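Chemist: These are the residues of each chain, in order.
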Amino acid sequence: MSAASLSDHIPDLNLITYYAEKQQSCFSRLSPWTKFAYLILIILLVTLSGNLAILTVLYLVLLGAYAAAHLPVRKLFGWYTMPAVFVLSLVGIMAWSEPGNPVISFAVAGFPLVLTDKGILLVVTLLLKALIVVTFSLFFLMTTRYMHFSAMIYRLFPSPLDQIFLMAYRFLFLTLAMTGSILKAVRSRGGGLIHSIRVQGRMFAEVFALVFIRSFERSERVHKAMIARGFSGSYGTATGIPALRHAEYLLICAGAAVVLAVALMTPSLGG
Amino acid sequence: MTIIRTDPLSSPHCRHIDKERELIHVDCASHIYPDGSVGIHDMCFYVKKNEIVALCGPNGSGKSTLIEHLNGLLTPSEGNIAVNGRSITKGELTDLWREVGVVFQQSDDQLFAPTVLDDVMFGPLNLGMSREAALNAATGALEAVGAADLVQKLPNYLSGGQKRLISIAGILAMKPRIIALDEPTSDLDPVHSGMIEGLILELKQRFGISVVIATHDLDLAARIADRVCLVRKGSVFAEGTPAEIFYDEELLQETGLKPPQIVRVYRAYCRMQGIPADQHPISIEGMMVAIRGK
Numbered sequence: 013m014s015a016a017s018l019s020d021h022i023p024d025l026n027l028i029t030y031y032a033e034k035q036q037s038c039f040s041r042l043s044p045w046t047k048f049a050y051l052i053l054i055i056l057l058v059t060l061s062g063n064l065a066i067l068t069v070l071y072l073v074l075l076g077a078y079a080a081a082h083l084p085v086r087k088l089f090g091w092y093t094m095p096a097v098f099v100l101s102l103v104g105i106m107a108w109s110e111p112g113n114p115v116i117s118f119a120v121a122g123f124p125l126v127l128t129d130k131g132i133l134l135v136v137t138l139l140l141k142a143l144i145v146v147t148f149s150l151f152f153l154m155t156t157r158y159m160h161f162s163a164m165i166y167r168l169f170p171s172p173l174d175q176i177f178l179m180a181y182r183f184l185f186l187t188l189a190m191t192g193s194i195l196k197a198v199r200s201r202g203g204g205l206i207h208s209i210r211v212q213g214r215m216f217a218e219v220f221a222l223v224f225i226r227s228f229e230r231s232e233r234v235h236k237a238m239i240a241r242g243f244s245g246s247y248g249t250a251t252g253i254p255a256l257r258h259a260e261y262l263l264i265c266a267g268a269a270v271v272l273a274v275a276l277m278t279p280s281l282g283g
Numbered sequence: 002m003t004i005i006r007t008d009p010l011s012s013p014h015c016r017h018i019d020k021e022r023e024l025i026h027v028d029c030a031s032h033i034y035p036d037g038s039v040g041i042h043d044m045c046f047y048v049k050k051n052e053i054v055a056l057c058g059p060n061g062s063g064k065s066t067l068i069e070h071l072n073g074l075l076t077p078s079e080g081n082i083a084v085n086g087r088s089i090t091k092g093e094l095t096d097l098w099r100e101v102g103v104v105f106q107q108s109d110d111q112l113f114a115p116t117v118l119d120d121v122m123f124g125p126l127n128l129g130m131s132r133e134a135a136l137n138a139a140t141g142a143l144e145a146v147g148a149a150d151l152v153q154k155l156p157n158y159l160s161g162g163q164k165r166l167i168s169i170a171g172i173l174a175m176k177p178r179i180i181a182l183d184e185p186t187s188d189l190d191p192v193h194s195g196m197i198e199g200l201i202l203e204l205k206q207r208f209g210i211s212v213v214i215a216t217h218d219l220d221l222a223a224r225i226a227d228r229v230c231l232v233r234k235g236s237v238f239a240e241g242t243p244a245e246i247f248y249d250e251e252l253l254q255e256t257g258l259k260p261p262q263i264v265r266v267y268r269a270y271c272r273m274q275g276i277p278a279d280q281h282p283i284s285i286e287g288m289m290v291a292i293r294g295k
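Going down the list, the sequences are from chains A and B.
Quick note on this note's numbering: the first sequence kicks off at 13 and runs consecutively.
Quick note on this note's numbering: the second sequence kicks off at 2 and runs consecutively.
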């Protein structure tokens, strides 16, 4: 766990940026536009297709690409916790009302609960869809230099969204570092050990309040420093984004063809 | 130059120096913060062309508040600030940041952009330069501070010393006539402190920029300043050359400061040898000459 990493289950911004800047695989040399196009194609694909076989293959291919890019696979599994909890907390309830062949059935306070094969399939499918998008998003972030990524945001997003993003990213690092150092100070004096929920809750509330106050003070100082250099409400990025090469156009076309084929095969879309 | 002493509790009259060489004139300026605390009080201060002025004083004496006034971040509640003869109180100066650059104490507060290049280009773009001109200005400034190799780095991955260099480059790229640095060498290792010190001298000698530094580091002030202003209770309490100021023990005591190392060593040597400390060396070389002369 790096200094600013708060938990093994939360994506570590420092580590993500470290891999992005390291540029150690062929995927790093692809134009960010190619990876962005693939992100859209993958989102389209998981939206259109509910086919478990297609989704499993796609997930395995992405996991393979992730490993081939020398990215940390074990960390990735740790980072799956949050999206998995999110999906299960929503679909876990829906799965019980899904029609199909009963697999498990029992009654709670007189109410019958039935988990069907289609219910389980729904959970697995949606979980897989979430993990596919998370895996590729992290792959995209960890193989694209931040300067290119921020330049893309600047070009794609309207103001003030681009401004918020450009400022928020650097600020996130600082806030994480600040939170990390506060937690270290707490742990160094025996804090952070679970004595009781009340004590623990109060401690986290105090840390949160301190981080909030310090962040507020820092944002005032950052704003002051920007005004001192003539800030008048907007700023941009100077970085150019590597252009698409011919082979990359072909790669995108191939990806689009696959998505189209899947769309045509999907019964509800007329396949 | 002789020591000029002023009483912070009385209303002083600012001395008008050589108008031709005067870049900034702070004329009896006062600033009271919204919580009622006094930032500066009847502050009289000036900066001449091509000089390094050190503002020395204890914490809370008003050094940083004065620096923020020089850039227009704060405006005086009373008194006036004039840059190149244009007055801030008469509304002739709305863009003071074009003339006076400020390097803040915490580099992390100053470096907010995604990359070093974006950050250094931020000021030039605000000046209305084209992207190409801003890129040239930023590249030139990064080369001038010896950080050209950091151009594509993320600020997050820079050391404290590198961040300080980039902060200075961000101001230098705007080509100001005056640069004010708040505690320029605080929290830096000796190597980076030395680099910043050399850079401050270069700003004056190579670029002809006047420099104001607010510092606790009297050794730094002794080495590089042409003029030292002691700040106490929001006012300039005394000013003079480093030799004049730092050998006046009573003055330093009144301000709550200790003499620089070189002064203490020279005095200790003279005491040990039983000879009068009648010379005022402020550099190692100067001290060697003074000792050899005895």
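It should be emphasised that the hints constitute simulated quantities derived from the structure, not laboratory data.
This structure is a prediction, so every number in the text was calculated from the model and none was measured.
In this text, a Cβ means the ideal position worked out from N, Cα and C, and glycines have one as well.
Be a bit skeptical, because a hint or two may be false.
Computed Cβ-Cβ distance ranges for the label pairs, DEER-style [what the hints assert, rightly or not]:
id : chain 1 : residue 1 : chain 2 : residue 2 : range
1  : A       : Ile239    : B       : Gly257    : 48 to 58 Å
2  : A       : Val97     : B       : Gly161    : 32 to 42 Å
3  : B       : Ala149    : A       : Leu184    : 56 to 66 Å
4  : A       : Thr93     : B       : Gln262    : 51 to 61 Å
5  : B       : Gly161    : A       : Arg214    : 30 to 40 Å
6  : B       : Glu250    : A       : Ser193    : 38 to 48 Å
7  : B       : Arg293    : A       : Leu222    : 52 to 62 Å
8  : A       : Ala259    : B       : Gly147    : 14 to 24 Å
Some chain B residues close to chain A (C-beta under 7 Å, calculated; not the full set) [said to hold, decoys possible]:
id : residue
9  : Gln111
10 : Asp119
11 : Met122
Chemist: Next, verify each hint and record whether it holds.
Modeler: Going down the list of hints, with the structure as the test:
1. At about 31 Å, the CB distance of Ile239 of chain A to Gly257 of chain B disagrees with the hint of 48 to 58 Å.
2. Restraint check, Val97 of chain A to Gly161 of chain B: a C-beta distance of roughly 38 Å satisfies the suggested window 32 to 42 Å.
3. One distance hint, 56 to 66 Å for the beta-carbon pair Ala149 of chain B and Leu184 of chain A, is violated here, with the actual separation near 28 Å.
4. Remark: the range hint 51 to 61 Å for Thr93 of chain A to Gln262 of chain B is upheld by a beta-carbon distance near 55 Å.
5. Separation of Gly161 of chain B from Arg214 of chain A is about 34 Å and conforms to the stated range, judged on CB atoms against 30 to 40 Å.
6. One distance hint, 38 to 48 Å for the beta-carbon pair Glu250 of chain B and Ser193 of chain A, holds here, with the actual separation near 40 Å.
7. Under the hint 52 to 62 Å, the C-beta atoms of Arg293 of chain B and Leu222 of chain A, about 57 Å apart, fit the expected range.
8. For the hinted restraint 14 to 24 Å between Ala259 of chain A and Gly147 of chain B, the CB-CB distance of approximately 40 Å leaves it violated.
9. At a threshold of 7 Å, the smallest CB-CB gap from Gln111 of chain B to chain A is about 4 Å, leaving the interface hint in force.
10. Hint on Asp119 of chain B holds. Least Cβ distance to chain A is approximately 5 Å, under the 7 Å limit.
11. A hinted interface residue such as Met122 of chain B counts as satisfied when its beta carbon comes closer than 7 Å to some beta carbon of chain A; here the least separation is about 5 Å, so the hint holds.
Of the hints listed earlier, those the structure fails to meet are numbers 1, 3, 8, in rising order.
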